[in-house]
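Asker: Please build the complete structure, drawing on both the sequences and the hints.
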Amino acid sequence: MLDTHKDTDYGTPRRESPREVTLEIDGNEVTVPAGTSLMRAAVDAGIQVPKLCATDSLEPFGSCRLCLVEIDGRKGYPASCTTPAEAGMKVRTQTPKLQQLRKGVMELYISDHPLDCLTCAANGDCELQDMAGVTGLRNVRYGFDGANHLKAKKDESNPYFTYDPSKCIVCNRCVRACEETQGTFALTISGRGFESRVSPGQDEPFMASECVSCGACVSACPTATLQEKSVIWLGQPEHSVITTCAYCGVGCGFKAEMKGNEVVRMTPWKDGKANEGHSCVKGRFAWGYATHQDRMLKPMIREKITDPWQEVSWDVAVDHAASEFKRLQAKYGKDSIGGITSSRCTNEETYLVQKLVRTAFGNNNVDTCARVCHSPTGYGLGQTLGTSAGTQTFKSVEQADVIVVIGANPTDGHPVFASRMKKRLRGSATVAGARLIVIDPRRIDIVRSPHVQADHHLQLKPGTNVAVITAMAHVVVTEGLVAEAFVAERCDAKSFGEWREFVARAENSPEAMEAATGVPSADLRAATRLYANAANGAIYYGLGVTEHSQGSTMVMGIANLAMATGNVGREGVGINPLRGQNNVQGACDMGSFPHELPGYRHVSDSITRASFEAAWGVEISPEPGLRIPNMFDAALSGSFKGLYCEGEDIVQSDPNTQHVAAAMMAMECVVVQDLFLNETAKYAHVFLPGSSFLEKDGTFTNAERRISRVRKVMPPKAGLADWEVTQKLAQALGYPMHYASPKEIMDEIAALTPTFSGVSYERLDELGSIQWPCNADAPEGTPTMHIDAFVRGKGKFIVTQYVATDEKVTRKFPLLLTTGRILSQYNVGAQTRRTDNNQWHSEDRLEIHPHDAEERGIAEDDWVGIKSRAGETVLRATVSERMQPGVVYTTFHFPESGANVITTDNSDWATNCPEYKVTAVQVMPVMQPSAWQQEYSRFHKVQLDLLAARAEPADVASAK
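The numbering of the sequence shown is numbering that gives the first Met the number 0, which starts it at 0 and goes up by one.
Treat each hint with caution, since some may be false.
Derived lysine to aspartate or glutamate pairs resembling EDC-like cross-links, with alpha carbons at most 16 angstroms apart [claimed, not checked]:
id	residue 1	residue 2
1	Lys297	Asp318
2	Lys89	Asp25
3	Lys711	Asp764
4	Lys150	Asp115
5	Lys493	Glu506
6	Lys325	Glu667
7	Lys228	Asp318
8	Lys303	Asp25
Hints were generated in silico from the structure; no laboratory data involved.
Answerer: Right, dumping it as C-alpha cells:
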C-alpha cells in the first residue's frame, strides 16, 4: 500500500467527550467534541493554522506564538493550540494583524538560525522552512552580527541521529516527546533566556545520557536539529509504504520511507493501532541488517558439514533437498523427517510450512519456537478460558487502575507498550495514575523509573511463581475478595468450588509459602488486596511466567486469579501475555504445533481433519507428531534424520546447546532457510536464502491478536520470497502448491479457520488491522475477548499445586541463574548484532549481587565462569543490586556467550517449554574461555572457512 509521505498534523491530540460544541472558524461552521483546541477544530474545518511548537502527538504547549488567532468579543491574540473551542465562538485565523505578528515571530526565529536551507538535510521536510513561507517572510532586519548560536557544536555521538543545536528553536517538542510519549525524561532545557538549549541529561552527549534512542524526539523535531543520519546520507525519501515491524510482539506499524528500492528511514505510523506513532530503537533504526553484507543470497548444498559449500541454482538446491528427504523416508520411515516454522516469518509462510509437513512429508512432525517461549500460554489459557491468546488491546491499559507485571521486563522487551503503560502509571493533571505491582526476581527498570514507582515489588525466588500466585489466591478467597456475582454468572461452579477449597488451605497461605518464595507475607497480602479491590486490574506477563517447569500451571493460576476477581471481559483488565517475537502468536494460530491444525484444533478431531483433507487433497494423520525436544531425542536415537528449519536458530536459542548440537550432527539432511549463516546453518547440508520483512508481502499477528499487513518495499534479494521457496520444495516433493501470491494463501487460511473467516487483504487495507476472532459475528474483529461469556462457555478454575522445580541449589551449585533480554538486542541477536545497536550492548554479561561477588572475589568487568550440571561458559561480570543475593542473570543475544550451554533440559510438564529461568550454577573468577567456548571458536572458524571456500555454479559444473 503506497502512502503519501506526510500525514495531516492536527496540532493537538484528539479529545473524547460525549458533549459537542459548534463554533465558526473563518466563516465555516464546525462541530467538535468539547475540549478540542481551536487549532484542531480549524484543521477539522480544512484550515491550517501556522504552528511550530504544536503537534498532535503532544499536549499543547503554547510557546511558539505562531498559532495566534482572533476571537470576537475577546481581547488579545490567544494561542489556538491552548485555547479550547467553545459553543458560539467566532474565530479568525487570517487577518492583516495576525499576519504581521506571525511574520515578526518568524523573523526572530530566523535571526538566530543558519540560512543553509539548500544544503540542509531537512530541506523539503522542515516545518520552520514551511512556516517562513506561510508567513511571507522575505527578509530579516536584525542581521547576524550579534550574539547567536550559529557555531554551536553538533553532537554526532548517537549512531542513528545527530543533534545540531545551531538549528534548535527551543520549541520543546523533543523534550515533551521524551516525557509524554516515551516516558524516559532524558531531555531537558538547560540555561535561561538566550542561553536556553535542549540538553540530554546534564549537558551530556546523547550516548552518555539516559536517552534510549526511541526516535520520539527526532520525529517531533520541526527542524534539522535532530535528524536521522540516513537522511543526511541519502536525502529525503520520495515515497513510503506502510508495513509492520519484524521485532517484538508489539507489532508496531511503520512507514518505510523510500527512494526507489532503498530504505531512507523507518518512521512510526501514527495510525498504527499497536503503537500509535511511537517506536523503539530496534524498529525505528535497527533495520540495516536487511542489507548487511552477511546476507546469504545464493542457495548452497554440501554432502557433509565438514565439506565446503557449493553455490547452486534454486532448482538444484530445492531438488536436492527434496531427493534427500525422499531418500530418508524410504530408508527410515515416514516419520523420520519434520519441519520447524518461524515466529519471524509471516502467517502465510508459516501456514505453508506446516501444510508442507502434513501433506508432502505426510506426518505431523512440525513445531515452532513458541515451544520454547509461550506454549504454556496456549495450554493454560486454552484450558481455563477456551482460547490460546491474550484478552485485550494494548490501549486497554489506559483504563487500568492497578497493573500487575509478572515475569516480564516491558521497558526492555516490549518498550513501546512499556511507554504506554508508564504514561498510565504517571497519570495526568486530571486523572490519577494507576498503581503498579511487579512480581520478578530482578529489580527491573519499571520498579523505579522517572515518575513511576511500583507500590509493591514481590522479589520472589526463581521457580516459585506458582507458590506466589496460589498464595495470592488464598488471600482473595479467605479475605472475602472474590467477585461472587461474576463467578456465579460466568464460571463453572464445580471447578470453582474445588479451587476455592484448595487455595483456602493453610498450607497455601502467604505465611506458609514465605520460606519457599522469599516474599514477605505482609507484602504479598497487601499487593493482593490492591489488585483484588481495584475497579480495573490488569495482568501482563512474559517469559518469566512460561519458561518454568510449572509454566502452564502458572498461566492457569493467573487466569484463576483474574476470574476470581472479575478482571476479565472489559476494558482495563484482562490476562495479557507479552509475546517475544513479531509473529509468535501467528505461528501458533497457523497450526505450527504437532498436535494442532490452524485455529488450535486438535489433529485427532475427525471433523476438523476432514475439512483440511478436502481442501488439501491428502489424508492427514490423526496422531500428533514430534515436538522439538522429541526431534532432538529421536535424532540421537537414530530415528529422526531430516529437518526443514525455516527462520529459526535452534542451536543458539534452545536449551542445553551441546545436546542440540549433537542431535543436529546425528541428522543426515538439515535444510535451513534463513537470512544469515546462523548457528543452526553451520550444521546444515542445504542452505536456502531467506527474505527479510522488507522483501515480503503477508501478515503478522501480534500479542493482542492483531493481524497487520506486511508489505514488500523491495524485491527479494535472493530472488524468491520465503513462501515461494516453500512452494517449490512442496512441488519437488510431489505435492502440488500453485499459489500466485500471499493473498491467495490468506484466502485459504480464512476459508479453513473459523477465527480468521472474515480476514482478507481487502479488509486489512480498509481497517488498518484486525484482531481475531474476525467472522460473521465480529466482522471488524474482536478487540476485547470474553465480554459476555468465555470462549469455552463457563470459565474453568484449575487447582495449581506448587511443586518445587528439580533444579535446586546445592553446595556444588549454590546460585540460581535466570535469563532475559536487553533493550538494544533482540532474541538470538542475528538481526540486531548486524546493526549499530552493538554500541549499547556488545556482549552478554552476568549480573551478580555485590554480596555474592564479594564472597567470590569478583569485581566489575572480571571474567567469571558459570558452571551448571549441563555445561560451563565464561562471561564478564556486572556487579549490580538489581539482583537479589543468591540469584544471577544473563542475556542470550551472542552465540559465543553460550548462555544456553548451561541451561538444562528441564521443561514445563504440559508443553515441554524449557525452564530457562531456573538453573543452579556456581560462579567463580577465571582466566580463560570455557572448553565449550574454545571449541565453539574452532568450529565457527572452520564453518566460515568452508563458506569462504564455496564453489560457484560454474566451478561445480567443471568439477563434475
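Asker: Look at each hint and say if it fits the structure.
Answerer: Against the structure, the hints come out as follows:
Between Lys297 and Asp318, the direct Cα distance comes to roughly 15 angstroms. Compliance with the 16 angstroms bound is thereby established for this hinted pair. As the CA atoms of Lys89 and Asp25 are separated by approximately 8 angstroms, the hinted pair is consistent with the 16 angstroms bound. A C-alpha spacing of about 14 angstroms is found between Lys711 and Asp764, which places the hinted pair at or below 16 angstroms, so the restraint holds. A C-alpha spacing of about 13 angstroms is found between Lys150 and Asp115, which places the hinted pair at or below 16 angstroms, so the restraint holds.
For a cut-off of 16 angstroms, the pair hint linking Lys493 to Glu506 is broken: about 22 angstroms separates their Cα positions. A hinted pair counts as satisfied when its Cα atoms are at most 16 angstroms apart, and Lys325 with Glu667 qualifies at roughly 12 angstroms. Under the criterion of a C-alpha separation no larger than 16 angstroms, the hint pairing Lys228 with Asp318 is inconsistent with the structure, at around 44 angstroms. Restraint check for Lys303 and Asp25: the C-alpha separation of about 78 angstroms exceeds 16 angstroms, so the hint is violated.
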